[in-house]
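There are 2 protein chains.
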Amino acid sequence: MRERIFKILHDNLGEYVSGQKISSQLGITRSAVYKHIKALKAQGHKIISKSRKGHMLLDSPDILSDFQLKCRLDTIFIGNSIFVYDSIHSTNRLAKELAEEGSVEGTVVIADSQTDGKGRMGRHWISPPAGGLWMSIILRPDIKPNNVACLTLVIGLAICKALRKLTHLDIGLKWPNDLVINGRKVCGILMELSAEVDRVNYIIAGIGLNVNFKSRHFPGELRSTATSLYIESGQRYGRKEVALQMLYSIEQHYIGFLQTKSLGKMKEEYKKLSIVLGKDVVITTPEKNLYGRVVDFYDDGSILLVDDGNEQHKILTGDVSLRLY
Amino acid sequence: MRERIFKILHDNLGEYVSGQKISSQLGITRSAVYKHIKALKAQGHKIISKSRKGHMLLDSPDILSDFQLKCRLDTIFIGNSIFVYDSIHSTNRLAKELAEEGSVEGTVVIADSQTDGKGRMGRHWISPPAGGLWMSIILRPDIKPNNVACLTLVIGLAICKALRKLTHLDIGLKWPNDLVINGRKVCGILMELSAEVDRVNYIIAGIGLNVNFKSRHFPGELRSTATSLYIESGQRYGRKEVALQMLYSIEQHYIGFLQTKSLGKMKEEYKKLSIVLGKDVVITTPEKNLYGRVVDFYDDGSILLVDDGNEQHKILTGDVSLRLY
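As you go down the protein sequences, you meet chains A and B in turn.
For reference, each letter of the first sequence is one residue, going 14 to 338 in the working numbering.
For reference, each letter of the second sequence is one residue, going 14 to 338 in the working numbering.
Keep in mind that a hint or two might mislead.
Copies of the same chain are indistinguishable here, so a pair counts whether it falls within one copy or spans any two.
Taking lysine-lysine and the DSSO-like style, the derived pairs with C-alpha atoms no more than 30 Å apart in a straight line are [what the hints assert, rightly or not]:
{"hint": "1", "residue 1": "Lys280", "residue 2": "Lys301"}
{"hint": "2", "residue 1": "Lys280", "residue 2": "Lys253"}
{"hint": "3", "residue 1": "Lys157", "residue 2": "Lys327"}
{"hint": "4", "residue 1": "Lys253", "residue 2": "Lys34"}
{"hint": "5", "residue 1": "Lys66", "residue 2": "Lys20"}
{"hint": "6", "residue 1": "Lys157", "residue 2": "Lys278"}
{"hint": "7", "residue 1": "Lys292", "residue 2": "Lys280"}
{"hint": "8", "residue 1": "Lys327", "residue 2": "Lys280"}
{"hint": "9", "residue 1": "Lys301", "residue 2": "Lys157"}
{"hint": "10", "residue 1": "Lys274", "residue 2": "Lys327"}
{"hint": "11", "residue 1": "Lys59", "residue 2": "Lys48"}
These aren't lab readings, by the way, just hints derived from the structure by calculation.
Let the hints inform the model, and build the full structure from the sequences given.
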């Protein structure tokens, strides 16, 4: 009930809502409303109450809170359980621990900062406090390990669409797991799976998004390759709002993915937002470097590269760089 | 040093070894030897010391101890770090936690009993105390997720050969992950991996072996399908000895596997010990049942089945039953 009252106040952020309106909308007495409002204030929410006017929620600072997130989530199962931390080693690692203990599909872990954040291939991921969204989601799809590459693209597409809608920035997809603006990385996805030979136990979808960082927040070596929503738009975004939009979009696209366990109908959308399709690139894999043009994506998430000798290569994952002439 | 003294005593189990011999062999003073022997006694080892004769280690009961295992291990890296527990939820789960915290390749977890032991496909695995060997090994090979099926067969082969040598029982391999005697299961392997799309973080090789159980130790529904080394041979085996032989063999075969990341030269040995090769079987997978004859194994660990319509099927994993006529 307290969450529903908070949601009403938040839907009318900065405006008074009468106690009468809340009580009739939720079918509880005005004194019950008053009791909950009092408790919300005690939790630290900035609510002003005036007789004859009602209650007004003031904008809250950009602090991540599981309560505020849960109140406002419109999803079916993603985020039903949310754990928010000031600082932990890595949201993916904590999510794995929770998954091992049996946490349900859709459980979300968010941290304000990570002390040991990880990127693809075991690389370090810079995760300072206050300006980023470091988030991991436990998924338990009935799929095989070789379906996971495709799910990476689906999650990327979901985030890309949510962020484009929210920011109107020209955000593109850099296969297999990055989102970029003007050629600079704004978001990375790290999919990790626990599996048997032919059966996925669970997947952790880890997401690192640079929201409100300024250029000086990045270490020197990253300044030319990393960016944030703030740097590109000059605008600060509430991380809660960003998280909510992303989680909603991820759930929608994930449900779509489960129907075919492949890119399926999402492929055309994915191709439109890809920044490597049709481009001359180098793809670096642990085995070799491949030079050629990106021609298509496969339903399983692989990329189709045609090399300079006109030979076709199907590549499951790797690092892509655009070739400059 | 204490471990080396214990090893000398154990190599001469039931016989006196003079303090002089130990001190000269290890290059330490006799009073240092005496001090270590005293400490070993304090640890609970049954050592008899007699003047003019020396020190004699009496056979110790079948209690698992990391100290005794480490003293006698002849491996390069498997078992350099061993954790032994009376009772834990599941050795695989604990090994995963250790791996997440950075435990090195070759770390071994052993438990006398498991409260929540797991078999393939999330099935429950009965793991009562005192008669079984429940053991998990952390491996960190530089392989791809689709190499893991093959590694399952390699580990099975390693265990099968070690146990055949130790017990002289006719132990066979039931693809993909069981060892059987006279058609009954004596050992199961559960391989679990943590991975990114195209890169293994680590693998947990979980092994459950029925050593000294009697038929009445098994729950009723398992009595016709499960067996133990004791049931088949009428002989009790020291679990430490069994564990040591298995770990040594696993390391040898694992090193062989790493060279080709496939069954390679081990395939012929594997085929000789397979109980399904050339047999008419049903293979049950989550998708369907396949009826046919097992004709071969692939280098990647898959099985080649020729069905009754003479069509070939390559199957990565599943449950095999022999067909009866």
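Query raised in the report: Hint numbers the structure violates, sorted upward?
Result: none
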